[in-house]
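Visitor: Given only the sequences and the hints, what does the whole structure look like? Please build it.
Top to bottom, those sequences are chains G and F. Per our numbering, the first sequence runs over residues 1 to 216. Per our numbering, the second sequence runs over residues 217 to 320.
What the hints contain is simulated information worked out from the structure, not anything from laboratory work. A couple of the hints might just be wrong.
As the list claims (entries may be wrong) - Below, simulated BS3-like cross-link-like pairs (lysine-lysine); rule was C-alpha separation at most 27 angstroms, straight line:
id	chain 1	residue 1	chain 2	residue 2
1	F	Lys272	F	Lys283
2	F	Lys288	G	Lys75
3	F	Lys288	G	Lys87
4	G	Lys75	G	Lys174
5	F	Lys283	G	Lys87
6	G	Lys75	F	Lys283
7	G	Lys87	G	Lys75
8	G	Lys87	G	Lys152
9	F	Lys272	G	Lys87
What the hints assert, rightly or not - Stretch by stretch, here's where chain F covers chain G in the computed footprint (C-beta under 8 angstroms, at least three residues):
id	segment
10	7 to 16
11	76 to 86
Ideal placement from N, C-alpha and C gives every residue a C-beta, glycine not left out.
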Amino acid sequence: MVHSNSHQQRAQRHWYEDGLGEIAVGIGLLGYAIWLWLTGGGADLNLSMEAQVLLTAALFFVGIVAMRTVIEWAKARVSYPRTGYVKLRHERQIKLGQLALSVALMPLAALLGAALPIGLIVIFGSLGINSSMLLLGAMVALPAFLLAWRIKLARLVLVGLLIVVVSVVLTLSKTFGMLGITLLYGASGLLVLLSGLLALRHFVQTHPIVEEEAQS
Amino acid sequence: MINEALASAINVDRVIHEPARLVILALLANVESADFLYLMRELDLTRGNLSSHLSKLEQAGYVQIEKTYRNKTPLTICAITPSGREALSTYIVQIAPVMEYLQR
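Guide: Right, here's the structure in full:
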């Protein structure tokens, strides 16, 4: 079997090169922060805890699906005419179990996403240690670090580090609870969005659109 | 009498043996599919050169080419076929002994 990690890595990196994925994730995080700010995570809507979790899970699921669609729509107009299109080999395999995986994992991820911050605050609060913001910051930064390591994209390391710095600042300034969580998601969203916008600007400047006749 | 290691190289597939076609197949073997522009940029080939090599690979049945449109823009999607993958694996098996022989 012919197999090369570097080719696959290059193809994966190609997908993140334009910054559109970060822009979408940044907007998603900002949207979540606004949702927390306006509704207190659903608490201000006079909903039961189960309803809050279900609502968060539903919003998360719809957000992921919408994000994927919007990114592909934008890529078809901004990126593919400039640097071409490549479909990774594992995409078809993922597609086969995509629905089952989504059904199984999305609510679980949403449940953890909603319950873990609150759980951490309660646990560490009872121990007299308030490191909830640090833990939450590390959780938000972790995907950026993992992706940076996987596809060797240095700017994501910087984004991850800045998110950790934000969590340290929130801890030192004793900004905890829902306000702290809202500020952390909001600041993380802004950082990811800014990184994506800078990457997109650089991408558009360095990759002119290839003429139609040159593509076939 | 020719060395056994070198003898294996005599019968290599000439379609794949050409450097540009070899790298095209090697790249396509590691992705599901790629469009013409992506291949052109990644392999640093000119439009005419890539088009010519893709035609030869398509004629040999090693690459499947689909011409379509996206946002009213012509799009050429290329993918390696199962026989292309098999031919590439065979080529590697045939050429590997020569490489080992040269490195001794």
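Visitor: Indicate, hint by hint, whether the structure satisfies it.
Guide: Hint-by-hint comparison with the structure:
no., hint, verdict
1, F:Lys272 x F:Lys283, "16 angstroms, holds"
2, F:Lys288 x G:Lys75, "15 angstroms, holds"
3, F:Lys288 x G:Lys87, "20 angstroms, holds"
4, G:Lys75 x G:Lys174, "41 angstroms, violated"
5, F:Lys283 x G:Lys87, "16 angstroms, holds"
6, G:Lys75 x F:Lys283, "19 angstroms, holds"
7, G:Lys87 x G:Lys75, "13 angstroms, holds"
8, G:Lys87 x G:Lys152, "19 angstroms, holds"
9, F:Lys272 x G:Lys87, "23 angstroms, holds"
10, 7 to 16, "holds (count 5)"
11, 76 to 86, "holds (count 8)"
Taken one by one, the earlier hints fail for this structure only at number 4.
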